[in-house]
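K.L.:
From just these sequences and the hints, can you work out the full model?
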Amino acid sequence: MKERRTFLRFPLRTKMKKGWILILFLVVLIGCHKSKLPEPTDSFYVNDYADALMPYTEREIVGYNRYLYEVYGEIQIVYATFLVETPEEMESIDKTELFRHWKIGKNDMGLLVLLYFQKEMIENIESRTLVGYAFEVGYRLEPLYTPIVLSDIADQTLLNPNHYDIADLMVMHLNYELLNLAYESLYNESPISYDMDDYFEELMNAPYVPDNELWDFLWIISLLDQGFWGYMILGGFVLLGGSFGIMKIKGGGGSSGGAGIFKRRR
Amino acid sequence: MKPFQLVIAGFISVLLLLLVILTLSLVGGYNRLVDLDESLDASYAQVFNRLEQRHDTINQMVATISGLQEHEREIYELIISARLAYADAIKTGDIDQLAEADALESIAISQLLVAIEDNPMITVSSAFNGLLDTIYSMESTLSVARRDYNQAVLAYNQNARRFPGLIFVSLFGFESRVAYWKIDEGKTDVPEISFTN
Numbered sequence: 001m002k003e004r005r006t007f008l009r010f011p012l013r014t015k016m017k018k019g020w021i022l023i024l025f026l027v028v029l030i031g032c033h034k035s036k037l038p039e040p041t042d043s044f045y046v047n048d049y050a051d052a053l054m055p056y057t058e059r060e061i062v063g064y065n066r067y068l069y070e071v072y073g074e075i076q077i078v079y080a081t082f083l084v085e086t087p088e089e090m091e092s093i094d095k096t097e098l099f100r101h102w103k104i105g106k107n108d109m110g111l112l113v114l115l116y117f118q119k120e121m122i123e124n125i126e127s128r129t130l131v132g133y134a135f136e137v138g139y140r141l142e143p144l145y146t147p148i149v150l151s152d153i154a155d156q157t158l159l160n161p162n163h164y165d166i167a168d169l170m171v172m173h174l175n176y177e178l179l180n181l182a183y184e185s186l187y188n189e190s191p192i193s194y195d196m197d198d199y200f201e202e203l204m205n206a207p208y209v210p211d212n213e214l215w216d217f218l219w220i221i222s223l224l225d226q227g228f229w230g231y232m233i234l235g236g237f238v239l240l241g242g243s244f245g246i247m248k249i250k251g252g253g254g255s256s257g258g259a260g261i262f263k264r265r266r
Numbered sequence: 001m002k003p004f005q006l007v008i009a010g011f012i013s014v015l016l017l018l019l020v021i022l023t024l025s026l027v028g029g030y031n032r033l034v035d036l037d038e039s040l041d042a043s044y045a046q047v048f049n050r051l052e053q054r055h056d057t058i059n060q061m062v063a064t065i066s067g068l069q070e071h072e073r074e075i076y077e078l079i080i081s082a083r084l085a086y087a088d089a090i091k092t093g094d095i096d097q098l099a100e101a102d103a104l105e106s107i108a109i110s111q112l113l114v115a116i117e118d119n120p121m122i123t124v125s126s127a128f129n130g131l132l133d134t135i136y137s138m139e140s141t142l143s144v145a146r147r148d149y150n151q152a153v154l155a156y157n158q159n160a161r162r163f164p165g166l167i168f169v170s171l172f173g174f175e176s177r178v179a180y181w182k183i184d185e186g187k188t189d190v191p192e193i194s195f196t197n
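For the record, the sequence lines run as chains R and S.
Those letters in the first sequence? Residues 1 to 266, per the numbering used here, in order.
Those letters in the second sequence? Residues 1 to 197, per the numbering used here, in order.
Among the hints, erroneous ones may be present.
Only pairs whose alpha carbons sit at most 30 Å apart, straight line, appear in this in silico DSBU-like list of lysine-lysine [said to hold, decoys possible]:
1) Lys36(R) to Lys119(R)
2) Lys106(R) to Lys36(R)
3) Lys103(R) to Lys248(R)
4) Lys182(S) to Lys103(R)
5) Lys36(R) to Lys250(R)
6) Lys36(R) to Lys182(S)
Please keep in mind that the hints were generated in silico from the structure rather than gathered at the bench.
P.N.:
The following block contains the structure:
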C-alpha cells in the first residue's frame with residue numbers, strides 16, 4: 001500500500017510540475033511576443049537608441065518631463081533617438097504607430113519627438129550628427145503644438161548654430177522650449193529659466209553615473225544571491241511582464257492622428 | 001415529483017436556457033454592430049475634419065503665392081478644379097466622390113510644391129514656409145485618418161459578412177457592406193520637407 005501511494009504521488013507531482021512548466025513556458029512565450037515597433041525604455045521619457053545623449057542630459061529631461069506629467073497629470077513629452085544609415089530608414093519608422101504603441105500622454109495629450117542621427121567619425125572620434133527630426137502630436141495638443149510653432153522651435157533649438165551640433169545642447173534646449181510652451185499656455189505658469197551656456201558647464205562637470213542597464217545587472221545579481229526568495233521575486237517580475245527596471249514608467253494611454261512635422265537634412 | 005412532471009420541468013428549463021442564450025447573443029451581436037458602426041462614423045468624421053482643414057490651408061496657401069498663374073497655369077487650374085470637386089463632393093455627400101476630390105487635392109499640392117521648388121520665378125511670402133509645414137501635417141493626418149477609416153471599415157465588413165454577424169445585420173437593418181476609402185497608390189503620399197544647416 002505504501003509502495004502504491006508512492007507510485008501514485010510521484011507521477012501526479014511530475015504531471016503537476018510539467019503543467020507548471022508548460023504554463024510558465026506559455027507565459028514567457030506571450031511575454032516574448034515581439035512587435036515591429038521598439039518598446040520604450042524604463043525611463044520612458046528618453047529612449048536614446050542612437051546613443052546620442054549623455055546620461056546627465058537623459059536624467060535632466062526625465063526629471064523635468066516626469067514632473068510635468070506627475071504634477072499636472074496630462075502632458076507627456078517623450079524623446080526617441082534612432083541611428084540611421086540611409087534617409088529611407090527614417091521613413092520606415094511610423095511615428096503615429098510608435099506614439100499609439102507607447103500610449104503617450106493622458107487624454108491624448110502627448111508629444112513624441114523623434115531624432116534621427118547618423119554616425120560620423122571626426123578625428124577618429126565617433127560622433128552623432130542630426131540628419132532628421134519628426135514630431136508626433138497627440139490629438140488634444142494639436143492646437144498648442146502646431147506645425148508652424150514646432151518648426152520655429154526646431155529652428156531655434158535643433159538647428160541653432162550656437163550648439164555646434166552637440167546633441168545634448170540641442171535636445172535640452174528643445175525640451176526647455178517645449179516645456180515652457182506648455183507651462184505658459186496651458187497652465188499659466190511662469191516659464192523655466194535656463195541658460196544653455198550654464199547647461200554646457202553643468203554637462204561638462206557632471207559626475208559619471210552608470211546607466212540603467214548596469215544597475216539592473218547589479219540588482220539581478222543581488223537577488224540571485226538571496227536564494228529562494230530572490231528567485232521568487234525575480235520570477236514574479238518576469239511573470240508580470242515587468243522589465244528589470246524597478247519602477248517602469250508607462251504612457252498615459254494617449255493617441256494621436258499623424259499631426260506634427262517631419263524634416264530631414266537636404 | 002412524477003417522471004412526467006420531471007420531463008416537463010427539464011424541457012422548460014432547457015427552453016429557458018436556450019431563450020437566455022438567444023437573448024444574450026442577440027444583445028451582444030447588436031451591441032457589437034452598434035460599436036463598429038459608431039467607430040466607422042467617428043473615423044469618417046475624422047477624415048472629413050482633416051479634409052476641411054486641408055481645404056482651408058490650400059486656400060491660404062494659394063493666397064501667399066504670386067506669379068504662379070503666369071508660370072504654372074496647369075497647376076493653378078488643377079488646384080482650382082480640385083477645390084471645385086471638393087465643394088461638389090461635400091454637397092452630394094458621396095464617399096467615392098469625396099475620395100476622388102481628396103486624391104485630386106493631394107496631386108495638386110504635390111505638383112505645386114514641385115513647381116515652387118523648381119521655378120525661381122514663383123515668389124512666395126514669408127507665411128508660405130509655415131504653411132508648408134502645415135501642409136505636411138495635414139497630409140500626414142489625412143493619411144492616418146484614411147487608414148483608420150479603412151481599418152474601421154474592415155472590422156465592420158468582417159463582422160457583417162461572417163456568421164453570425166450577417167444574421168444580425170439583416171435582422172436589425174444594418175448595412176451589409178461599407179465602401180472603403182479609395183487610396184490611389186502614390187497620389188496621396190505625404191510631401192517631403194527638408195532643412196539645410
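K.L.:
Straight-line Cα separation of Lys103(R) and Lys248(R) no greater than 30 Å?
P.N.:
This hinted pair holds, its Cα atoms lying about 14 Å apart.
K.L.:
Given the hinted pair Lys36(R) and Lys119(R), is their Cα-Cα distance within 30 Å?
P.N.:
Distance ~23 Å between Lys36(R) and Lys119(R) Cα, so the pair holds.
K.L.:
Is Lys36(R) within 30 Å of Lys250(R), Cα to Cα?
P.N.:
holds (19 Å)
K.L.:
Would the hint linking Lys182(S) and Lys103(R) be met if the CA-CA limit is 30 Å?
P.N.:
Status holds; Cα separation ~29 Å.
K.L.:
Can you confirm whether the C-alpha distance between Lys106(R) and Lys36(R) stays at or below 30 Å?
P.N.:
Holds - the C-alpha atoms of Lys36(R) and Lys106(R) are around 24 Å apart, at most 30 Å.
K.L.:
Take a quick look at whether Lys36(R) and Lys182(S) sit within 30 Å of each other, Cα to Cα.
P.N.:
It holds: about 27 Å lies between the C-alpha atoms, which stays within 30 Å.
Comparing the model with each earlier hint shows no violations; every hint is respected.
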